[in-house]
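Given chain A's structure and the hints, the job is docking chain B onto it.
There are 2 protein chains.
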Amino acid sequence: MDEVKVIEIKKSVFADNDIDAGNLRKELKEKGVYLLNLMSSPGSGKTTTLIRTINLIKDKLRVAVMEADIDSDVDAVKIREATGIESIQLHTGGMCHLDAEMTRQGLDNLPMEGVDLVILENVGNLVCPAEFDTGSCRNAMILSVPEGDDKPLKYPLMFSVCDLVLVNKTDVMPYFDFDLEKCTGYVRMRNPKARVIPICAKTGEGVDAFADWLLTEVENWKK
Amino acid sequence: MDEVKVIEIKKSVFADNDIDAGNLRKELKEKGVYLLNLMSSPGSGKTTTLIRTINLIKDKLRVAVMEADIDSDVDAVKIREATGIESIQLHTGGMCHLDAEMTRQGLDNLPMEGVDLVILENVGNLVCPAEFDTGSCRNAMILSVPEGDDKPLKYPLMFSVCDLVLVNKTDVMPYFDFDLEKCTGYVRMRNPKARVIPICAKTGEGVDAFADWLLTEVENWKK
Numbered sequence: 139m140d141e142v143k144v145i146e147i148k149k150s151v152f153a154d155n156d157i158d159a160g161n162l163r164k165e166l167k168e169k170g171v172y173l174l175n176l177m178s179s180p181g182s183g184k185t186t187t188l189i190r191t192i193n194l195i196k197d198k199l200r201v202a203v204m205e206a207d208i209d210s211d212v213d214a215v216k217i218r219e220a221t222g223i224e225s226i227q228l229h230t231g232g233m234c235h236l237d238a239e240m241t242r243q244g245l246d247n248l249p250m251e252g253v254d255l256v257i258l259e260n261v262g263n264l265v266c267p268a269e270f271d272t273g274s275c276r277n278a279m280i281l282s283v284p285e286g287d288d289k290p291l292k293y294p295l296m297f298s299v300c301d302l303v304l305v306n307k308t309d310v311m312p313y314f315d316f317d318l319e320k321c322t323g324y325v326r327m328r329n330p331k332a333r334v335i336p337i338c339a340k341t342g343e344g345v346d347a348f349a350d351w352l353l354t355e356v357e358n359w360k361k
Numbered sequence: 139m140d141e142v143k144v145i146e147i148k149k150s151v152f153a154d155n156d157i158d159a160g161n162l163r164k165e166l167k168e169k170g171v172y173l174l175n176l177m178s179s180p181g182s183g184k185t186t187t188l189i190r191t192i193n194l195i196k197d198k199l200r201v202a203v204m205e206a207d208i209d210s211d212v213d214a215v216k217i218r219e220a221t222g223i224e225s226i227q228l229h230t231g232g233m234c235h236l237d238a239e240m241t242r243q244g245l246d247n248l249p250m251e252g253v254d255l256v257i258l259e260n261v262g263n264l265v266c267p268a269e270f271d272t273g274s275c276r277n278a279m280i281l282s283v284p285e286g287d288d289k290p291l292k293y294p295l296m297f298s299v300c301d302l303v304l305v306n307k308t309d310v311m312p313y314f315d316f317d318l319e320k321c322t323g324y325v326r327m328r329n330p331k332a333r334v335i336p337i338c339a340k341t342g343e344g345v346d347a348f349a350d351w352l353l354t355e356v357e358n359w360k361k
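Sequence order for the protein chains is A and B.
For reference, each letter of the first sequence is one residue, going 139 to 361 in this note's numbering.
For reference, each letter of the second sequence is one residue, going 139 to 361 in this note's numbering.
Fair warning: there could be bad hints in the mix.
Identical copies go unnamed one by one, so any copy, or any two together, can satisfy a pair.
Stated by the list, open to error - Below, computed lysine to aspartate or glutamate pairings styled on EDC-like, alpha-carbon distance capped at 16 Å: (1) 340 <-> 315; (2) 216 <-> 288; (3) 167 <-> 251; (4) 361 <-> 165; (5) 360 <-> 168.
By construction, these hints were calculated from the structure, which means they are not laboratory data.
Same shape as in the complex, but just chain A (with noise of 0.2 Å):
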């Protein structure tokens, strides 16, 4: 398999991010274009999540992906290597977070022939991402069960900024005090729309649901 390629994100030069994020929303809904900003913690199972999501929905949208990471290009692999769609790795040299410009040096270096859905996998972060528009339709955010259910309560913005909380790795609610319904509570504390889907990336349990909701928001983004 070819390797992938690796983008070294440039520092922005522009001083109001959310004109250029708005700016760049305008032009993908021209071009019906949907993109997705999708963030978590280190370790919440984005890239997983991401495999069985694509899995499910690659024969009826064509998807990109742009996986940001400060070093490393394991992740951009992985997902061209299970999904055959096409990835790309953005390295941001140590940065916390994109923004929309930034955004765009990812896309402009993505092959964007027939893409329905870009996918945009953000720095394992839940505080500096919440922060910055990235231009993208919306934005999701995986909470997995290992990190406990109060995240809401520490990392507010995270929260109020998302429309959808994926809870992933319910496999392992056993083993956690994990209390799926304070949960949902605290996400509407933060952002009273937010949809709460809980899914199993290992499994696919779940996964669907995710799909479902991806397939829907980039039809009725194209109208």
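Leaving out everything else, chain B in the frame of chain A:
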């Protein structure tokens, strides 16, 4: 029980954090106070580990804790209720890390009479806290088993600045693909001198080794 003190941390005005951190470390050495900077991802078990450890050493050392969080003061309350030691909450107001000046703001609000050891529980984040010297005598971090053994590959700076890596939640090792030997190898790639101690904060297994490390560290610092 009294309410815990909550300090709203202000942004630093100092241009050179390294100089400021060096000064703070010198002051701590003169006072015979050991400061440990404990970092990790969200939900890796920092607070539970601290409770277990403090209860093992509090008869030998006078310990105080500073809990940094963007919001909420659940951790400082937990620590105080479970150990009886002095514990304050530092609110970072959305900031993703602590630097030396912010750490000093916390120390200034802690009753320091007779204190041998101060533990700073940094913001749950594997990226930004690694970039800022807090003025601590040592950096330590917790990597929990569910996060995966590949984290030293993905967050190189964090692992290179830490002298001690606690691998927590070893009780759930059978349910995750986590190879302790491989992980230790990755840690040593980043910092050949790093000590790796596997622990289970929930059951207490291995925590005595961390407690012994701390006792020796504080003893050497006071010489």
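Comparing the hints with the structure gives:
Proximity of residue 340 and residue 315 under a CA criterion of 16 Å is satisfied inter-copy only: 11 Å between copies versus 20 Å inside one chain copy. Taking CA atoms no more than 16 Å apart as the test, residue 216 paired with residue 288 passes between copies only; the shortest distance there is 13 Å, against 31 Å inside one copy. Proximity of residue 167 and residue 251 under a CA criterion of 16 Å is satisfied intra-copy only: 15 Å inside one chain copy versus 62 Å between copies. For the identical chains of this complex, residue 361 and residue 165 are intra-copy neighbours only, at 15 Å inside a copy versus 64 Å across copies, given an alpha-carbon limit of 16 Å.
Within a single copy, residue 360 and residue 168 get their C-alpha atoms as close as 9 Å, which meets the 16 Å cut-off; across copies the closest is 66 Å, which misses it.
When the structure is compared with the earlier hints, no violation turns up for any of them.
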